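*Asks:* What follows is each chain in one-letter form.
2 protein chains.
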Amino acid sequence: MRNIKLTIEYDGKRYLGWQRLGDNDKTIQEKVEGVIKLLTSEDIEIVGSGRTDAGTHARGQVANFKTTHDMPLAEMQQFFNRYLPQDIVVNQIEEVPDRFHARYHAKGKQYSYYVWNDLIPTVFERSRSFHYPQTLDLEKMQTAADQLIGTHDFIGFSALKKSKKSTTRTIESLTITQEGQMIHFTFKGNGFLHKMVRIITGTLLAIGSGELDEGIIQHVLTEKVRQAAGETVPAHGLFLDEVDY
Amino acid sequence: MRNIKLTIEYDGKRYLGWQRLGDNDKTIQEKVEGVIKLLTSEDIEIVGSGRTDAGTHARGQVANFKTTHDMPLAEMQQFFNRYLPQDIVVNQIEEVPDRFHARYHAKGKQYSYYVWNDLIPTVFERSRSFHYPQTLDLEKMQTAADQLIGTHDFIGFSALKKSKKSTTRTIESLTITQEGQMIHFTFKGNGFLHKMVRIITGTLLAIGSGELDEGIIQHVLTEKVRQAAGETVPAHGLFLDEVDY
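Quick note, the sequences are listed as chains A and B, same order.
For the first sequence, counting from 1, position 206 maps to 217 in our numbering; every step adds exactly one.
For the second sequence, counting from 1, position 158 maps to 169 in our numbering; every step adds exactly one.
Possibly wrong hints are sitting among the right ones.
Because identical chains cannot be distinguished in the list, a pair is counted as satisfied if it fits within a single copy or across any two copies.
As the list claims (entries may be wrong) - Derived pair list, reagent style SDA-like, types lysine to any residue, alpha-carbon separation capped at 20 Å: (1) K24 <-> P96; (2) K24 <-> R139; (3) K172 <-> L130; (4) K37 <-> F135; (5) K24 <-> P132; (6) K172 <-> R70; (7) K16 <-> I131; (8) K151 <-> K206; (9) K42 <-> R137; (10) K24 <-> Q97; (11) K24 <-> E136; (12) K42 <-> I131; (13) K42 <-> F135; (14) K42 <-> P132; (15) K118 <-> T18; (16) K16 <-> P132.
The hints are simulated quantities; they were obtained by calculation from the structure and are not laboratory data.
As the structure is a computational prediction, the values presented were derived from the model and not from experiment.
Generate the whole structure from the sequences, applying the supplied hints.
*Replies:* Take a look at the structure:
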């Protein structure tokens, strides 16, 4: 049995996210599994590193599946890219040890969030960034972001109400850079709770525009109250950049 | 009477090009005129610097229109960007002398063409670049491109069969640069014939991949035979960058 690891790039716009929901064909997972079925004539389940929300993009989602099919890897990659829709591409393909599991073995992830910060909207980046016209104090935002670095219970910065599983995560780095009108948030950590990147970004924007005070970060971490944090910014500005193993 | 000059950015994907064709609402010109009508309640014709083909993008198309409406410019720009579809944005607005005419007074134009040169297609640049997987010799392409610089009859590099008007144009510069897998052709000149940028790009790609010989450039310039040149590359890799006055 071969264990095949795929690194997948996708434009999330048309999809309800990575994770298969039913038989409605509107998820990335189903599209990839559909091509695997075409290749192997078998119903094989693919394991992703984790879900991505509806509308979220990926530059480096990782997934694996097992098959006895003997097609060489380069040819298999071409097969995927021929039969997948244009908004999903297999960037890398490799054979990995049998025990490799894309979800269980993920050690860390990097996400990017893009904000177009100008009065005038952008045409060409409109489907991959959030248009936020208010003036922002980037230094203040970075100071606030620095308070999130480290290991914390992030439930207040998530869409989870309660959780039986641990909601403690470690953010290794959170940087905010600017190039022209585009502001780029880069999150690195060992894992992120549901909507955590988008809620943190929304909170940092509210701090940068003066709507919220910097103290809100400590407050949400300590009191664990989602309502005190900023808004959830839209999914179309979010990219899963890479998964580390 | 005010004469208003607009600099317009658009994603050409959904449109049949700049120029109004009828009442079908599928051109950029009609969308812009629709907003002018909303603003002034008048049927005002807008003059573009020139046509762009169906599917072609623009970063800096220029157009002007005349009106007695007295809305301040900044407010008028906001009005445009509120009521135009998301794939059309007015980047700049200014009041110009009465005699200014966006087409007659255009002195030069810059176009870009983007080619994604990799076996693996691109997700995020797929609607703004042409996927061309063959290996290319960029030096050879630049040497061939250099032969096009200057003033020539470019009818062999155009979609025109015959023309009563002059088909002589001047290309000031044509550079080919590469960043990662993306190859960027930049054309500057006093004007370009119908499909000229796309046919020249297709010819340079055929030279770069070895399908055509470098000598083809002189041959097409001298013999004026469209059939000898390369294919017309698709419109979705083409951008009108700017118009000079």
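*Asks:* Compare the structure with each hint and give your call.
*Replies:* Status of each hint after checking the structure:
When the C-alpha separation of K24 and P96 is checked against a cutoff of 20 Å, the pair qualifies both within a copy, at 13 Å, and between copies, at 17 Å. In this homomeric assembly, K24 and R139 come within 20 Å of each other (Cα to Cα) both inside a single copy, at 9 Å, and across copies, at 16 Å. With identical chains, the CA atoms of K172 and L130 are never at most 20 Å apart, being 35 Å at best within one copy and 45 Å at best between copies. Taking the closest pair of Cα atoms, K37 and F135 come within 20 Å of each other only across two copies (19 Å); inside a single copy the shortest separation is 25 Å, beyond that limit.
Taking the shortest Cα distances, K24 and P132 sit within 20 Å of each other both inside one copy (19 Å) and across copies (18 Å). Taking CA atoms no more than 20 Å apart as the test, K172 paired with R70 passes in neither setting, with 29 Å inside one copy and 45 Å between copies. For the homomeric pair K16 and I131, the shortest alpha-carbon distance between copies (17 Å) is at most 20 Å, but the shortest distance inside one copy (42 Å) is not. Proximity of K151 and K206 under a CA criterion of 20 Å is satisfied in neither setting, with 23 Å inside one chain copy and 50 Å between copies.
For the homomeric pair K42 and R137, the shortest alpha-carbon distance between copies (18 Å) is at most 20 Å, but the shortest distance inside one copy (25 Å) is not. In this homomeric assembly, K24 and Q97 come within 20 Å of each other (Cα to Cα) both inside a single copy, at 12 Å, and across copies, at 15 Å. With identical chains, the CA atoms of K24 and E136 are at most 20 Å apart both within one copy (13 Å) and between copies (14 Å). With identical chains, the CA atoms of K42 and I131 are at most 20 Å apart between copies only, with a shortest distance of 18 Å across copies and 36 Å within one.
In this homomeric assembly, K42 and F135 come within 20 Å of each other (Cα to Cα) only across copies, at 18 Å, whereas the closest approach inside a single copy is 26 Å. Proximity of K42 and P132 under a CA criterion of 20 Å is satisfied inter-copy only: 17 Å between copies versus 32 Å inside one chain copy. Within a single copy, K118 and T18 get their C-alpha atoms as close as 16 Å, which meets the 20 Å cut-off; across copies the closest is 48 Å, which misses it. For the homomeric pair K16 and P132, the shortest alpha-carbon distance between copies (19 Å) is at most 20 Å, but the shortest distance inside one copy (39 Å) is not.
Hint compliance for this structure: hints 3, 6, 8 are broken, all remaining hints hold.
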